[in-house]
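Protein chains: 4
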Amino acid sequence: MENKKIKAGVVGATGYAGAELCRILCGHPGAELTAISSVSFEGQKLSDVYPAYFKMCDLVCETQEAVVERCDVIFAALPHGLSQELAAQCQTAGKAFIDLGADFRLEDEDVYREWYAGEFLDKGLHQKAVYGLPEFFREQIRGKRLIANPGCYTTAVPLALAPALEAGLADTQGIVADCKSGVTGAGRKTTQNTHYPELNEGFTAYKVAAHRHTPEMEQTLSRLSGTDIRLTFVPHLLPVNRGILATCYARLKPGATLAQLREAYRSRYDGEFFVRLLPEGRVADIRNVRYSNFCDLSLHVDERTGTLVAVSAIDNMVKGAAGQAVQNMNLAFGLDEAAGLKLFPPAF
Amino acid sequence: MENKKIKAGVVGATGYAGAELCRILCGHPGAELTAISSVSFEGQKLSDVYPAYFKMCDLVCETQEAVVERCDVIFAALPHGLSQELAAQCQTAGKAFIDLGADFRLEDEDVYREWYAGEFLDKGLHQKAVYGLPEFFREQIRGKRLIANPGCYTTAVPLALAPALEAGLADTQGIVADCKSGVTGAGRKTTQNTHYPELNEGFTAYKVAAHRHTPEMEQTLSRLSGTDIRLTFVPHLLPVNRGILATCYARLKPGATLAQLREAYRSRYDGEFFVRLLPEGRVADIRNVRYSNFCDLSLHVDERTGTLVAVSAIDNMVKGAAGQAVQNMNLAFGLDEAAGLKLFPPAF
Amino acid sequence: MENKKIKAGVVGATGYAGAELCRILCGHPGAELTAISSVSFEGQKLSDVYPAYFKMCDLVCETQEAVVERCDVIFAALPHGLSQELAAQCQTAGKAFIDLGADFRLEDEDVYREWYAGEFLDKGLHQKAVYGLPEFFREQIRGKRLIANPGCYTTAVPLALAPALEAGLADTQGIVADCKSGVTGAGRKTTQNTHYPELNEGFTAYKVAAHRHTPEMEQTLSRLSGTDIRLTFVPHLLPVNRGILATCYARLKPGATLAQLREAYRSRYDGEFFVRLLPEGRVADIRNVRYSNFCDLSLHVDERTGTLVAVSAIDNMVKGAAGQAVQNMNLAFGLDEAAGLKLFPPAF
Amino acid sequence: MENKKIKAGVVGATGYAGAELCRILCGHPGAELTAISSVSFEGQKLSDVYPAYFKMCDLVCETQEAVVERCDVIFAALPHGLSQELAAQCQTAGKAFIDLGADFRLEDEDVYREWYAGEFLDKGLHQKAVYGLPEFFREQIRGKRLIANPGCYTTAVPLALAPALEAGLADTQGIVADCKSGVTGAGRKTTQNTHYPELNEGFTAYKVAAHRHTPEMEQTLSRLSGTDIRLTFVPHLLPVNRGILATCYARLKPGATLAQLREAYRSRYDGEFFVRLLPEGRVADIRNVRYSNFCDLSLHVDERTGTLVAVSAIDNMVKGAAGQAVQNMNLAFGLDEAAGLKLFPPAF
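Sequence order for the protein chains is A, B, C and D.
Numbering (this note's numbering) for the first sequence: 8 to 355.
Numbering (this note's numbering) for the second sequence: 8 to 355.
Numbering (this note's numbering) for the third sequence: 8 to 355.
Numbering (this note's numbering) for the fourth sequence: 8 to 355.
Hints in this document: simulated from the structure, not taken from any laboratory.
Hints are supplied without guarantee of correctness; some may be wrong.
Because identical chains share one entry, a pair is satisfied inside a single copy or across any pair of copies.
Okay, derived cross-link-like pairs now, PhoX-like style, lysine-lysine, Cα gap no bigger than 25 angstroms in a straight line [what the hints assert, rightly or not]:
#1 214 with 196
#2 102 with 130
#3 52 with 214
#4 14 with 349
#5 349 with 62
#6 11 with 349
#7 214 with 260
#8 349 with 12
#9 349 with 52
#10 151 with 14
Based on the sequences and whatever the hints tell you, model everything.
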């Protein structure tokens, strides 16, 4: 069997998303974590960087080239801007490439230029790229070899709002996405505002109405609703390690009811293993999805103001990054979409 | 001098708001914490309930009657519904009464009945009550003897939104108040969802668009803006002890600019010691106001959608409860409004 | 295959240890979680009590009797004192019984009486019971049908100290075990001192030199060292959900060196998958074993005072409870000892 | 009055200890925070570095020279090794100097050389220095102009153990100090192990039996007990901002009882405002001393092993650093020793 397994590699394995990918891939029945790379820790074991991995994943960090050469699929967890060249190398080498960065997420180069101050180095390559949000674009992902894995906020917000917009139950104007993220979303690099004593017992917003995920979630919602959507997105930093809670507000169309909304979401997500539409009365909570690939979803209506409040919760490192990337690999290689991803969230 | 000090008493001293009141009053130069009461801990020292208070406040909990009899001003930190009778006793006894509960906050009995399922036992008494949000209703508070202290959310949200609405820079329709509160706001009573392992590393919304503070903040904003305001209010529970961050969204009137907004807020809060309008580029953070009576305020504009994002941060136990109550006492008794309240927030 | 799986049941499934057992058993390749019971939640789904389990474990809580009847092995996660009767029922029914409580841990009834104020209801049953700490008593556990699963502290401390005592490198007198536990160790029942605001940012010791685990760890170390050991054990409560760090102090025998100690531990734990003896220079940390069945171990020598400092870290819910119970099931039923227990600890 | 106030200055004001000093000095009735310095933030306001201080302490960071010139007393919160020269400058300028670093704490240059790899640049200066632990060395501190402020652990451990040793109730051999510190003790500089996601939910020991505070606490205990004491000291890092809990173990002398111990501690600390000897049955907890200058102390006896367990709790930033420094200033300048230090610890 072993030789039938997909050979998976991770470039940028020592960052948080990369390390989480390694953890998930080590438990995948149809894939084998074959090679990893890290610029900062080349030659060191992953378990030297993360002692939690001792005896579970003691692979040594090699070069990008070694990873591309020895693997069937290459996951990249790199800072924005570093993936385009690697993607080209993978294409040349005939290897599948799944990018956890932002380089291939935006279809419009002008938008990319505006928000990332970067260029599309190879427009043909960008045309080949598919946006990897399986619950919405599953068919386009199947069999593909260049997949742009969505960001964390850009997974949580569209999953919370799309069905209402697709069903025409909510207004496409005046949408607000108030999101709260755990600290792992800020990455492994130390900063003053993620220094324990300066984050603990604190809570604030950042990049108010100026976060790069804004155009990405607008792109997804516009595609799905068929109208040009602009929304107000404000991220906040939570003093927890993992999880994103997206509290999304949209004005209801006249006459729209909670029952209609629930039915629209139920039918939209019918059969989606990773989306858990909560029973009425429950509210999505990040603690229930930690370490899992689930997106919990709760729907609420403010009848006094005619407003839909859709709340989604994901683990930013799993459904918001590494887990969704593996879900995309499963689709790209024709495996069971949930293979290696039936991660049981602990209750505490 | 001692005999010139105001004799202050706290009914419900062993709850969080009551205990915080005791702590603040013990440091007040013009008041003396004279008597405290607690139904659950009558006969015990406050420092037996809160060992942190050992040698700083070892008063013994007595009866309500004892407090009313021996004090000039009685603060009540009781569950909703229990203050009306006590207020009447205080009036009869000619004592000032400052209620940290909700019994006297709402002017319209129908609204009170709808949200609290209660009655106004003595309508005359309610007419005498003044709403104690000093930054907005200072003149009405001076010299009064029956003051309804605002709730925590209902302090944070109006302070964030009022100047924009008063200046006609924001639309009174479609306002969203997405608020996040520390756990002390839930009180001292143990519950499953505040049991450490079930809250730690978690984050969720509660009472979505159904929280009792909704009509109270609408009442304040309607009074100040002169129009009937209804907004969508969603509270969330933060895994921190103290603090409320209110992220408030309002559509800007055409042409309204950040400069105009900043000017409106600057002039509105000019001379307000407890409101800190942050310089452009800063964002309000609960960690900067902990243990203080400050309200930090930051203003942001989403020009892509024409939305004002006003963020306020307070300590829910201080400016959101006990501190504001003392601020009201200072006004009622003609003391320096900041007496005993120049609490220096620690940086960590 | 399905019918070949061991039918496993959990009595007391809605407590923390019981819920963790369910989570682990759901991922066990050789066992099937067949029935669960709960007195408090009979008739409700486990996922109603723990929404994190939604779609992963929606079993309904039944009666103890139903669990005993339908399962091959019954795990009990009950308050102390309630297991003896259940154990008798299981024996009568010919079912295997693994007790996570303390009823069968102590061999000496006098000691049990002194620390638990209880009796051995059926001495014969107690003689049949085996103490389930596999790394030390593996051979006695194989094939057994009545297993007393050790406590959390009583797993962490002996694993840290036994090899030094067995090898005669440390003095059996004057041992100190200073232990720190996450809050889940206190169970699901709400208490004032586990109420979030009263535990968060706090840290204290409890049951100083008076904890019931004292005689249990003494029993294990005495058995292994062949001498009667009494030690000083002080537990502390950490503001984290999971994990126990045991910092153990023992006077070194004259001439004993760190090299000798490391060799003794290396040979003692050679081949033990769940014990990770850390390289020199590393220190055991609870964050590296969370959600896993590992026990991390680091050895340190204070040459100035001739003292061994042995530090062990476990997840109190896994190696300290549910994981070890499954490890015992695997031994009792002749499965691979690590089956279902190769749980990969997350790095963050 | 203003002109009668002591002009106080802080060198290294933007570090945690320095910032805490500024906060405390701003509330001191007999001192005025006159000038502060910072190498990293010269020219910036302290409130730009710590927005919590906005409107409370907006002093601009100047040079060391400016601080020495304009102040009567200079507090130094600098990395070890940088204080000796500054102390000399202060002596020349006739200014009082209180050093929060380690340069003047150790009397024996050989010990200093061994643990700090440094030299005594001016032996005469070191002879003038007094060790500033007021509860033990009050009389030597009065009127002095060069004071070495103790470290945090070295305040907590001697306060917990000294009375038992002075009274001859405990053995001076085989003492263990198992200490746990909040993260602020590690300072403001960002490091990987204080990066929020890598400390949160974790707990470990560090510098096991190798921490520089070891010889300092031995020096104090040896001076007080009149015998040469060596102990085993193991510090741990707690996932909280503030506080040190010291769990200290010492073998009791034959016949020594808890009653004798309590009497020894009671008489030793009789009249010490900042030491709170807890009633029997209570255990010291860091949450009860946060933001205060108190040291809480609880005594426990393990009669089974003849061991004293003395537990002390302090705020590492206050009694363990800035608060004690101000206490020393009060003594040096003949003010009420508690002036500006009756800081009321919040209960939550």
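- [ ] Could you check the structure against the hints above and give me the numbers of any it violates, in ascending order?
- [x] none
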